[in-house]
Amino acid sequence: MPKLVFIDAGGREYVVEAAIGQSVMRAAVAAQIPGIEALCGGNCVCATCHAYIGEPWYERFPAPDDTESAMLECTSEPREDSRLTCQLPVTAEHEGLVIRLPASQH
Amino acid sequence: MDDANAPLLAEAEHLYSQYDHLAPPIGPDGTPYAYFERLRDVTAAAKQPVGWSEKHGGFWVVTSYAECQSIIGNPTDFSSAGVIFPKYAVTEPLMLAEQDEPEHMRGRRLVNLSFMPKNVANYAGAIKTAVHQLMDGFIEDGHADVGKIIAEPVPAIVTALLMGLPAEDGPLFDAWTTACTHEFLADPVAAAPKIAEMYAYFEQNIARRKLEPGDDVLSQVISAKIDGDSLTHKELLGFSTVLLIGGIENSAKLIGTALWRLAWDVELRRRLIAHPEWITAAVDEFLRYYSPGTVGRIVTNDVTVGGKTMRRGQQVILAIPVANRDPREFPHPDCFMIDRPNNRHLALGTGIHSCLGGHLIRMEARVVLTEFLSRITSFRLDSTLPTNWISGQVTGMSRVPIVFEAGPRLSSERGAGVDAWLQHASRP
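Each protein sequence line maps, in turn, to chains A and B.
When we follow the numbering used here, the leftmost residue of the first sequence carries the number 1, and every step to the right adds one.
When we follow the numbering used here, the leftmost residue of the second sequence carries the number 1, and every step to the right adds one.
So that you can see chain A by itself, here it is in the shape it has in the complex (with noise of 0.2 Å):
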């Protein structure tokens, strides 16, 4: 069970457990993490799972595709780091991921 970080736009930490193969957006709801709405349950085509995921973790996960990074670009405040969370599936490498949360999902 990797340990997970999330890090609010106010600089507060919320270490959660996920399981391999949860995304981090199912991680996140589950621990009930303020930040991750993900309204549309995972389909991507809300954006409201927002995340930024730093160097070195964004190289860890597969890139984005073409309808993420679409929606990506039309996030409130899109960073290149820029990343959809129910598109992040967690393996073991991702002991210690750590996520910062945009000010807003909207």
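Bear in mind the hints are in silico, worked out from the structure with no lab data behind them.
Virtual Cβ for every residue (Gly too), placed ideally from N, Cα, C.
There may be inaccurate statements among the hints.
Claimed, not checked - Each computed DMTMM-like pair below joins lysine to aspartate or glutamate, with the alpha-carbon atoms no more than 25 Å apart:
| hint | chain 1 | residue 1 | chain 2 | residue 2 |
| --- | --- | --- | --- | --- |
| 1 | B | K194 | B | D419 |
| 2 | A | K3 | A | E55 |
| 3 | B | K234 | B | E67 |
| 4 | B | K128 | B | D215 |
| 5 | B | K128 | A | E77 |
| 6 | B | K118 | A | D66 |
| 7 | B | K118 | B | D215 |
| 8 | B | K118 | A | E77 |
| 9 | B | K128 | B | D265 |
| 10 | B | K55 | B | E67 |
| 11 | B | K210 | B | D169 |
| 12 | B | K118 | A | D65 |
| 13 | B | K234 | B | E203 |
| 14 | B | K210 | B | E168 |
| 15 | B | K118 | A | E80 |
| 16 | A | K3 | A | E17 |
| 17 | B | K225 | B | E92 |
| 18 | B | K118 | A | E95 |
| 19 | B | K225 | A | D66 |
| 20 | B | K234 | B | E183 |
| 21 | B | K87 | B | E54 |
| 22 | B | K225 | A | E73 |
| 23 | B | K308 | B | D41 |
| 24 | B | K55 | B | E13 |
| 25 | B | K225 | A | E77 |
| 26 | B | K118 | A | D81 |
| 27 | B | K87 | B | E183 |
| 28 | B | K234 | B | E212 |
| 29 | B | K118 | A | E17 |
| 30 | B | K225 | A | E68 |
| 31 | B | K308 | B | E11 |
| 32 | B | K118 | A | D8 |
Claimed, not checked - Stretch by stretch, here's where chain A covers chain B in the computed footprint (C-beta under 8 Å, at least three residues):
| hint | stretch |
| --- | --- |
| 33 | 99 to 111 |
| 34 | 340 to 354 |
Unchecked claim - A short, non-exhaustive set of chain B residues, derived as facing chain A with CB atoms under 7 Å:
| hint | residue |
| --- | --- |
| 35 | M116 |
| 36 | P117 |
| 37 | K118 |
| 38 | N119 |
| 39 | H359 |
| 40 | R362 |
Go by the hints and put chain B onto chain A.
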């Protein structure tokens, strides 16, 4: 259930049998919430999250959060073809809202990006301008029906912009939407010509956009290809209708109800004026507390929910305004908490059908409330005039007469849409 609980069970069954989402009893506060709270309390105590209503030919009613969430999250056994019940008086199916997979997602992807936060934010400036111009129209009077002159116009003006339609036609959109969603039940003879007029208007606009495409959502839909095919003419009419009804109904009711609450809840108003940055969270609490929309589904496979066996082909209504006050999901559900943590309300759906306009309605309500409270800080309901709660699948306060201390206008400029609305509102 033992004999001691038999009266409770009987009361729950009776309440379910009389449940009519289009005509809930209105209480002394002018809303149906006293009734919704009783329905919730009795059905929860009787452990009956699902019941059978005898109205409209009979349908299942679901009142608990968990069961509503599980039905919305189960497109295998429940079809969105039953989202509106009884069906609106539209001749073309409502694209997206009434569609199942894979058609729903193909249609949704065509327009989805236009409704994402960054694109929606492009309309914030226009909304702000419209709110101030509308307010300039009545701020010197010291009284206004802000249901009629803020809550109704703003969503129509935004929808016109989004669809590339003339903003001055806004009052027509509102009449057509009401005809399709409410008037057709009460007075079908009066509604029919308005609905025909709406379709003729869309026909014209689709033809115009085919010749002169713009960067609006309607043009995008017209030029889009799904699996190599363009949308058919009927599908384009279905898209136009859903964008119009979807864009106007929920937003107008949400904003109207929020302004009504702020007119008498001095404490809430004081806090939002002192902390405009809290308005974003407050909008989600307004959505939970006074959920505008109730949605339906049609059972596609026999399935048991909440101890009741639903048969293929039966209609289900999810009582979202009741489920969003379920204490098992929302502690102290009847408290309006601006900073409610994990406010996972179902007002805009959840899962694959979560509202296309979810970002837009939040932004619209946030901008309207922020700008309104920046100019009119002290106001109260005008006790000499009635409020009006509109019932239906989309519900909320439509008439919100207020009195306030008159203030100065900011500008004498008026956009075309605003002028049309001010003239419209001045009629009796």
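Tested hints:
1. K194(B) - D419(B): Between K194(B) and D419(B) the Cα gap is close to 22 Å, so the pair holds against 25 Å.
2. K3(A) - E55(A): holds (17 Å)
3. K234(B) - E67(B): violated (35 Å)
4. K128(B) - D215(B): holds (21 Å)
5. K128(B) - E77(A): holds (21 Å)
6. K118(B) - D66(A): Roughly 18 Å separates the two Cα atoms, so the pair holds.
7. K118(B) - D215(B): Status holds; Cα separation ~15 Å.
8. K118(B) - E77(A): The hint holds at about 8 Å.
9. K128(B) - D265(B): holds (24 Å)
10. K55(B) - E67(B): holds (21 Å)
11. K210(B) - D169(B): holds (20 Å)
12. K118(B) - D65(A): holds (19 Å)
13. K234(B) - E203(B): holds (10 Å)
14. K210(B) - E168(B): Holds, because 22 Å separates the two Cα atoms, which is no more than 25 Å.
15. K118(B) - E80(A): This hinted pair holds, its Cα atoms lying about 15 Å apart.
16. K3(A) - E17(A): holds (5 Å)
17. K225(B) - E92(B): With Cα atoms ~20 Å apart, K225(B) and E92(B) stay inside 25 Å; holds.
18. K118(B) - E95(A): Cα-Cα ~32 Å, so violated.
19. K225(B) - D66(A): holds (17 Å)
20. K234(B) - E183(B): Cα-Cα ~23 Å, so holds.
21. K87(B) - E54(B): holds (17 Å)
22. K225(B) - E73(A): holds (22 Å)
23. K308(B) - D41(B): Holds. K308(B) to D41(B) sits at ~19 Å (cutoff 25 Å).
24. K55(B) - E13(B): Given that 25 Å is the threshold and the Cα spacing comes to 13 Å, the pair holds.
25. K225(B) - E77(A): violated (29 Å)
26. K118(B) - D81(A): The hint holds at about 17 Å.
27. K87(B) - E183(B): Distance ~13 Å between K87(B) and E183(B) Cα, so the pair holds.
28. K234(B) - E212(B): holds (20 Å)
29. K118(B) - E17(A): violated (32 Å)
30. K225(B) - E68(A): holds (19 Å)
31. K308(B) - E11(B): With Cα atoms ~17 Å apart, K308(B) and E11(B) stay inside 25 Å; holds.
32. K118(B) - D8(A): Roughly 20 Å separates the two Cα atoms, so the pair holds.
33. 99 to 111: Our answer is that it holds, as 3 residues pass the Cβ test (under 8 Å) against chain A, meeting three.
34. 340 to 354: The restraint on the stretch 340 to 354 of chain B holds, since 9 of its residues have a Cβ under 8 Å from chain A and three suffice.
35. M116: With Cβ-Cβ at 3 Å, under 7 Å, it holds.
36. P117: With a minimum Cβ separation of about 4 Å from chain A (threshold 7 Å), the hint on P117(B) holds.
37. K118: With a minimum Cβ separation of about 4 Å from chain A (threshold 7 Å), the hint on K118(B) holds.
38. N119: holds (6 Å)
39. H359: With a minimum Cβ separation of about 5 Å from chain A (threshold 7 Å), the hint on H359(B) holds.
40. R362: holds (5 Å)
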